[in-house]
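Trainee: Read top to bottom, the protein sequences are chains B and Y.
In terms of UniProt numbering, the first sequence has 157 at position 157, counting the first letter as 1, and numbering is strictly consecutive.
In terms of UniProt numbering, the second sequence has 87 at position 87, counting the first letter as 1, and numbering is strictly consecutive.
Source of the hints: derived by calculation from the structure; they are not laboratory data.
Every value quoted in this text rests on a predicted model; they were computed, and no experiment measured them.
Check before you lean on any hint, since a few could be wrong.
Said to hold, decoys possible - Only part of the chain Y face toward chain B is listed, based on derived beta-carbon distances under 8 Å:
| no. | residue |
| --- | --- |
| 1 | 7 |
| 2 | 14 |
| 3 | 26 |
| 4 | 87 |
| 5 | 88 |
| 6 | 90 |
| 7 | 91 |
| 8 | 92 |
| 9 | 93 |
| 10 | 226 |
| 11 | 253 |
What the hints assert, rightly or not - So, partial list: chain Y residues that the calculated Cβ filter (under 8 Å) puts toward chain B:
| no. | residue |
| --- | --- |
| 12 | 3 |
| 13 | 84 |
| 14 | 85 |
| 15 | 89 |
| 16 | 95 |
| 17 | 155 |
Said to hold, decoys possible - List of simulated lysine-lysine pairs, DSSO-like, C-alpha gap at most 30 Å:
| no. | chain 1 | residue 1 | chain 2 | residue 2 |
| --- | --- | --- | --- | --- |
| 18 | B | 69 | B | 107 |
| 19 | Y | 87 | Y | 254 |
| 20 | B | 151 | B | 107 |
| 21 | B | 290 | B | 200 |
| 22 | B | 107 | Y | 87 |
| 23 | B | 151 | B | 120 |
| 24 | B | 128 | Y | 39 |
| 25 | B | 16 | B | 200 |
| 26 | B | 151 | Y | 254 |
| 27 | B | 151 | Y | 87 |
| 28 | B | 69 | B | 200 |
| 29 | Y | 254 | Y | 11 |
| 30 | B | 128 | Y | 11 |
| 31 | Y | 87 | B | 200 |
| 32 | B | 69 | Y | 11 |
| 33 | B | 107 | B | 128 |
| 34 | Y | 11 | B | 120 |
| 35 | B | 69 | Y | 87 |
| 36 | B | 128 | B | 200 |
| 37 | Y | 11 | B | 107 |
| 38 | Y | 11 | Y | 87 |
| 39 | B | 151 | B | 69 |
| 40 | B | 69 | B | 16 |
In this text, a Cβ means the ideal position worked out from N, Cα and C, and glycines have one as well.
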Amino acid sequence: MEALRLQGIGKRYGRKPVLEGVSLSVRPGEVYALAGPNGSGKTTLIRLVTGLAFPTEGRAFLLGEDVHKSPGARRHLGAVVEAPAAFYPYLTGRENLRLHAYLSGVKEEARLTEVLARLKLLAVADQKVGRYSLGQRQRLGLAAAILHRPKVLVLDEPTSGLDPEGVELVHGLLQELAREGLAVLLSTHHLREVSGYAQKVGILGGGRLLDEVDLTGREVYRLEAEPLEGALALLRGLPQVASARIQGGALLFEGEPEAALQALLREGYRVRALFPQRFDLQAYYQERVKHA
Amino acid sequence: MLRLLVFELYKLFRLRSVGLGLLTASLLPFLWALAPGLKEVYGLVLASGWQVVSLSLMAGMEFLFPFLVVMAASESLGSEVAQGTLKSLLLHPLPRTRLILAKLLSALLYPFVLLGASFLGSLLAGLPHGLGGFYGGTGLRAGGFAGVGFLSAQEALGQLLSAHLLAGIVLLPLAALALLYATVFLSTAAGALAAMTTLLLMRLLVAFPALTPFLLTTYLDLHLRPSAAGLGLPLLLIYTLGFTFLAALVFERKDL
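Could you put the whole structure together from the sequences, leaning on the hints where they help?
Mentor: The following block contains the structure:
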């Protein structure tokens, strides 16, 4: 069963649609990154998934339970929906976490220390949150989100406001949590950072899910050949080539490299280089959003 | 639920409007005790410390206490929206109705704490005038401050306690109304302003005599007219429950 499933979810304010018919699912152990320009509907989608806002169409399920019909469904959910995460400034980090523990039904005091240590916050745990830096608050938000061992983690810009060490810590933690079987949905502008471990990327634009990129087992080949336009047309016509495009004076294609090479040589194209290249998510995203 | 209520109370008493309100309510009686124009405004020459207590109640209930209660109830939700903690609370498997009820119950307790602060401050401020029996009145019963003869300390205390209790009950629907508007607007200022505007508009409805007995504003001086409690108390309770029900209904489907 999918840990998180959205079924044609949408939101409109009056006549103005902010989000339309978005369907996606995240399985346990999977990291799903949401990308899109500002105003594309990422935050609205996060608010709908977490039950903070109500959809005008469609439904959101957490482990099969409708999040808007049953508040109990949120027992599976850990989330940070603001950057930096919001806490009571007059309480210490530990006291804030204790409140979250109470609301989530966590009774072990040791768990508080465990998550504080995991987010490298033990040194400031007994300081008032009002004195925390933005990065520390952001990490405390993540600590609160994973405190009750949720099955689904939803994060809005989790690395916003963090220094490079903090960014690395968060990405490392998310990978660990995914390996432990947690389903992670996060919104981000930093696609290069998440492309190393996300399995899927949803590209939002104008309130719609424009594309869903599966990053698992995705091999892209870079081909330098002449004439380029002709080679592109040839590759696009081959059944063994799934996709092909020009980028930076070369061809990037997905498919069988041997079949592509044979076809090019057979047709008399000059092939200067052919080698595998890591899928450039950022470039793909920019192109996808530009042509949306 | 009890723990949630205790936490809501803790948060309520950390609000700026509540701190300021309690400070004002406990210090204002000292100002009244020293005010040179009491005779001109209230026809009163202080004969007893008990009169300072009733004077503080009457003056406070004219505008200050309702305003402070409305501000506190509105801020109890508005401040959470402003600092973002409301979203964090609602990410937990906590029914929204339970949260708003905990907020409301703590807001309903506040008028009594506020009036208690005023009562204690007034007792202290009235000490120099004595807290024994005296010839005169508390201003809350027949004869006003002039009274109808000798008033024992016990009688004066009884009158003042019952007046404070009634005043506290009068303030309950105001707190519920402010919380209702705070759930609608998700803002302290807008919630408080809407509640005060509603009260002012309701006051204008005295021009419709048929409506007057059923208006909330008709009973805002119930502490001065305990004889009207028969109809007034059930109505105030109905208003409080009605506003509470609406606040829970609005909050249940409110986008955050």
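Trainee: For this structure, which hints from the list above don't hold up?
Mentor: Of the numbered hints, 3, 10, 17, 24 and 36 do not hold.
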